[in-house]
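Protein chains: 4
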Amino acid sequence: MNNNDWRQRLYVMVFQADTPAGRRFDTTLLLIILCSLVVVILDSIDSIHRDYANLLAYIEWGFTFVFAVEYGLRLYCSPKPLRYAFSFYGLVDLLAIVPGILAIYYSDAQYLLIIRIIRMLRIFRVLKLAPYLSQANYLLSALRGSKQKIIVFLVSVSTLVTVFGTLMYVVEGPENGFTSIPVSIYWAIVTLTTVGFGDIVPKTPFGQIISAMVMITGYSIIAVPTGIFTAELANAMRGEQLKHPCPTCKKERHEPSAAFCSRCGNALFTKNA
Amino acid sequence: MNNNDWRQRLYVMVFQADTPAGRRFDTTLLLIILCSLVVVILDSIDSIHRDYANLLAYIEWGFTFVFAVEYGLRLYCSPKPLRYAFSFYGLVDLLAIVPGILAIYYSDAQYLLIIRIIRMLRIFRVLKLAPYLSQANYLLSALRGSKQKIIVFLVSVSTLVTVFGTLMYVVEGPENGFTSIPVSIYWAIVTLTTVGFGDIVPKTPFGQIISAMVMITGYSIIAVPTGIFTAELANAMRGEQLKHPCPTCKKERHEPSAAFCSRCGNALFTKNA
Amino acid sequence: MNNNDWRQRLYVMVFQADTPAGRRFDTTLLLIILCSLVVVILDSIDSIHRDYANLLAYIEWGFTFVFAVEYGLRLYCSPKPLRYAFSFYGLVDLLAIVPGILAIYYSDAQYLLIIRIIRMLRIFRVLKLAPYLSQANYLLSALRGSKQKIIVFLVSVSTLVTVFGTLMYVVEGPENGFTSIPVSIYWAIVTLTTVGFGDIVPKTPFGQIISAMVMITGYSIIAVPTGIFTAELANAMRGEQLKHPCPTCKKERHEPSAAFCSRCGNALFTKNA
Amino acid sequence: MNNNDWRQRLYVMVFQADTPAGRRFDTTLLLIILCSLVVVILDSIDSIHRDYANLLAYIEWGFTFVFAVEYGLRLYCSPKPLRYAFSFYGLVDLLAIVPGILAIYYSDAQYLLIIRIIRMLRIFRVLKLAPYLSQANYLLSALRGSKQKIIVFLVSVSTLVTVFGTLMYVVEGPENGFTSIPVSIYWAIVTLTTVGFGDIVPKTPFGQIISAMVMITGYSIIAVPTGIFTAELANAMRGEQLKHPCPTCKKERHEPSAAFCSRCGNALFTKNA
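Protein chains in written order, with our numbering: chain U, 1 to 273; chain L, 1 to 273; chain B, 1 to 273; chain S, 1 to 273.
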């Protein structure tokens with residue numbers, strides 16, 4: 001086995017997931033990313049940071065080293081290293097290492113956390129290899145089919161919250177917590193989506209009447225995204241037409257229970273004598 | 001090109017959206033309205049108002065001037081100016097200018113804000129020209145199809161919140177925040193729609209039992225608007241089939257491009273002899 | 001026109017809604033009941049009660065008088081007065097008067113309010129006459145069709161909130177607001193139904209993990225009542241089979257697009273030669 | 001009637017629910033378990049515990065005795081006692097007794113409560129005998145059919161709350177209540193599921209913008225579990241048709257009582273010659 005052959009096999013293991021080795025590699029990588037995320041999350045807890053800051057930093061450096069080695073391997077075995085390096089995943093892979101190396105010189109960990117979270121995207125990358133992805137594609141295609149309807153819905157909701165927010169700002173005013181129109185719009189979103197934090201609440205009777213309208217609106221129009229998605233999904237699940245070429249005109253697809261070709265009018269199936 | 005011809009072309013650009021110029025005009029107008037709204041919204045923020053009140057006022061005057069010119073153009077190029085002036089959109093266009101002019105003499109901006117928000121309606125008017133509107137019509141027809149069911153639903157919900165509100169007023173009473181029946185009805189709406197601000201909460205055990213009933217009711221009957229809308233939408237999406245009763249067997253729906261009935265095999269349309 | 005004939009016509013007007021007079025009578029009655037309810041609701045507002053208590057009391061006495069006259073009319077014109085008096089609606093009609101008369105002697109209005117709310121039921125009775133009721137029947141039949149599924153769902157939810165409530169009582173304990181198991185179950189209902197008042201919130205990390213589980217459960221299982229109702233409603237809306245008796249065996253209902261009788265195998269429609 | 005015969009009849013009554021006696025036994029047992037749970041719940045209320053602690057303890061001992069006798073009966077009449085004792089239900093039955101007996105020696109009732117709640121599982125076991133279970137199976141099969149989609153959905157939600165939680169921790173920081181990433185993730189779950197306790201709320205403008213995005217996301221993606229479940233349930237309800245491919249044209253679904261294919265008119269089942 002020469003060097004090129006080894007590189008080829010490494011490429012299959014690192015970049016593809018059709019072989020057992022490739023699957024094992026990806027699963028291991030997913031686990032390491034998850035561990036790395038858990039360490040970042042734990043480090044944000046004050047009591048843990050006080051006691052184990054150094055230990056967690058060492059572990060995080062370890063993960064950075066592992067990711068750096070992995071990045072090197074990918075560059076080495078890829079047939080077109082530059083193309084990989086400037087692809088989306090290549091950049092994400094690089095961004096998973098850089099903050100860890102920077103953290104050695106600047107301990108300003110706070111802002112590096114945001115960059116490190118991009119590693120999360122790798123979960124999707126690893127999942128692509130899992131049997132679940134056909135289902136995800138299924139859901140995404142249902143979402144894509146209703147993209148336009150969703151945009152109309154979001155525009156309507158944006159208009160609603162702006163109108164209701166401004167109305168509440170005028171009715172309730174800064175003395176009741178509605179300090180500005182943006183804050184009132186934020187309140188309208190909190191109310192329309194039925195979240196209802198309760199940090200800002202209407203106090204005047206008229207404000208409470210408007211609030212009731214916002215709530216009932218929000219409670220009712222949740223039917224819209226649900227309805228769109230359900231109808232689209234049911235459509236996708238049903239959409240199996242009869243695939244039986246008409247013996248006369250060869251039209252291939254027909255209504256599920258068609259007996260005669262809807263194009264030429266001849267029987268699709270011969271009747272037993 | 002004479003004056004009348006120019007007016008005709010202006011009319012097409014200003015009032016219609018089938019030409020590239022008309023589309024560009026409407027898009028620009030939409031952007032200006034959005035900017036004008038952003039200025040109103042920004043002006044409501046206390047810290048910005050303190051520092052930039054004058055600047056924002058000048059910008060708003062600029063927008064008022066632009067809208068006034070646009071209103072004049074519409075009056076000028078419309079074949080029936082009076083009919084436009086008293087149409088819904090004509091009045092909205094006028095209302096978009098008046099507060100800006102009034103604001104020069106009276107700086108009582110607070111109350112003018114409500115009138116200015118009516119400009120938002122223009123977003124829908126501009127969207128009518130966008131390809132999204134067929135989708136909006138689609139959603140609206142689904143909503144119209146279930147209008148009666150929605151009225152029955154809203155009457156039931158109104159009855160429910162009145163009964164539960166009164167019950168809570170009697171059970172909890174003013175000492176626990178349920179100061180009057182209207183406030184208790186407001187609380188019932190907040191709870192039934194699962195918003196749950198938490199500004200008014202039941203404190204007695206019996207009040208908490210009634211609250212639990214309200215919540216479970218609200219959690220369950222959200223199925224009603226969702227179910228209505230989904231069933232109506234699924235119906236509308238299925239309804240894209242050819243609606244032409246077969247002259248022989250009366251089967252009503254066929255594939256969009258069917259020439260023969262898929263049930264009895266007879267021609268759907270008679271040939272001209 | 002003799003006395004009996006007059007009584008007969010009064011009966012038709014008061015008890016039925018097929019004639020214009022009957023419809024007008026019921027609409028007027030609905031309006032009076034609504035006004036009476038509004039008076040009760042207004043009287044509960046402290047500032048109004050202080051200033052207009054006497055006026056509102058007089059108005060309420062007027063309504064009581066009107067309802068008493070109406071009750072007398074119903075007794076007079078009913079062919080079987082006793083049967084009416086002891087029917088559900090007869091008792092509700094009586095209960096709409098009694099508290100008003102009692103209020104003359106005892107001004108303990110607080111507790112009478114609950115009884116007066118029963119008048120609300122008359123809204124449904126009046127609505128029965130409106131064209132909306134076929135829609136209400138439609139919704140109710142969809143709900144009845146899924147009664148068993150709803151019971152299973154409610155039992156599961158009850159079990160869930162009991163288990164989660166007890167768990168939270170043990171984990172968080174009285175020091176964090178979870179003062180007893182019933183209060184913790186109330187909290188679990190507030191959380192599972194996504195209401196989230198915020199009067200009781202988990203404070204320990206383990207309590208927050210359980211809360212997150214309760215929330216995600218509640219967020220997900222809302223699909224169950226929605227799914228049940230939607231599927232049932234879609235079924236009810238679709239359920240239009242082909243009503244065309246088979247010319248050979250007379251089987252009356254077939255699949256919507258059947259070409260041959262599924263019982264005897266003969267063609268349902270003759271083909272044009 | 002000999003001893004073995006009596007044991008056999010006892011077995012049928014205790015373990016099966018097809019006979020009237022078996023059904024009565026199971027219903028009684030369910031009621032006793034419910035009473036036992038009510039006693040545990042009541043005992044957790046401070047004011048009741050202070051006054052009736054002894055009485056409730058005696059009652060609970062009584063229930064423990066009843067369950068012990070029942071456990072003995074089950075062991076006695078079971079044809080394979082060891083197999084029962086180590087089955088899931090056998091262990092649950094034992095766990096329903098042990099804490100009660102332990103409570104006599106150690107009054108540390110607090111921790112025993114968790115174990116006692118396992119008795120709740122018996123509700124499902126008893127319900128298995130009720131006519132409702134076919135419905136529960138129905139719902140469960142709909143859930144099982146969409147298991148993969150639900151996993152994809154839960155993974156996406158987990159990723160979303162981690163990303164949004166970390167973002168909010170960085171944006172808002174410990175001074176605004178977002179004390180650590182786990183707490184911020186907890187807040188993201190509270191917000192995404194539209195529960196909205198309000199114990200932690202965003203205070204910076206940027207934090208409120210991110211919150212608005214979380215809320216609108218949560219408000220929209222509730223469509224996903226609902227859509228999945230509804231489509232799956234509608235599929236299951238439609239699926240009550242006869243699934244028998246027509247031997248001639250292969251049409252797969254027919255009316256439940258069809259004898260001939262409704263598409264090609266050929267017999268669905270061959271006659272024995």
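Calculated from the structure, these hints are not laboratory results.
The C-beta atom is built at its ideal place from N, Cα and C for all residues, glycine as well.
There's no promise every hint is true.
To be verified - Restricting the straight-line Cα-Cα distance to at most 25 Å, the calculated cross-link-like pairs of lysine-lysine (DSS-like) are:
hint, chain 1, residue 1, chain 2, residue 2
1, S, K250, U, K250
2, B, K203, S, K250
3, U, K251, L, K250
4, S, K250, B, K251
5, L, K250, B, K80
6, B, K203, L, K250
7, B, K203, L, K203
8, L, K203, U, K203
9, S, K250, U, K203
10, U, K251, S, K250
What the hints assert, rightly or not - Computed spacing ranges between beta-carbons, pair by pair:
hint, chain 1, residue 1, chain 2, residue 2, range
11, S, P20, B, F65, 56 to 66 Å
12, U, F206, L, F88, 24 to 34 Å
13, U, F206, L, L34, 26 to 36 Å
14, S, A21, U, R23, 48 to 58 Å
15, U, L140, L, R7, 30 to 40 Å
16, U, L140, L, Y105, 51 to 61 Å
Claimed, not checked - Far from chain B by the CB rule (all over 10 Å, computed), these chain S residues:
hint, residue
17, T19
18, N54
19, V183
20, T193
21, I209
Is the straight-line distance between the alpha-carbon of K203/B and that of K250/L 25 Å or less? The hint is violated at about 67 Å.
F88/L and F206/U - C-beta distance against the hinted 24 to 34 Å: 26 Å, holds
Take a quick look at whether K203/B and K250/S sit within 25 Å of each other, Cα to Cα. 62 Å, violated
Far enough from chain B: is every CB of that chain over 10 Å from the CB of V183/S? 7 Å, violated
Take a quick look at whether K250/S and K251/B sit within 25 Å of each other, Cα to Cα. Roughly 23 Å between the alpha carbons, so the hint for K250/S and K251/B holds.
Given pair status - K250/S, K251/U, alpha carbons within 25 Å: With Cα atoms ~18 Å apart, K251/U and K250/S stay inside 25 Å; holds.
Beyond 10 Å from every Cβ of chain B: is that where the Cβ of I209/S lies? At about 21 Å from chain B, I209/S clears the 10 Å cut-off, so the statement holds.
Confirm or reject the claim that P20/S and F65/B have a C-beta distance inside 56 to 66 Å. 58 Å, holds
Is it the case that T19/S keeps its Cβ farther than 10 Å from each residue Cβ in chain B? At about 23 Å from chain B, T19/S clears the 10 Å cut-off, so the statement holds.
Outcome of range test on Cβ distance (L140/U, Y105/L; 51 to 61 Å): Check passed, 56 Å falls within 51 to 61 Å.
Check the hint pairing K203/B with K203/L against an upper bound of 25 Å on the C-alpha distance. Roughly 20 Å between the alpha carbons, so the hint for K203/B and K203/L holds.
Sort out whether K250/L lies within 25 Å of K251/U, counting only the CA atoms. 23 Å, holds
Violated hints for the displayed structure, listed by number in ascending order: 2, 5, 6, 9, 15, 19 and 20.
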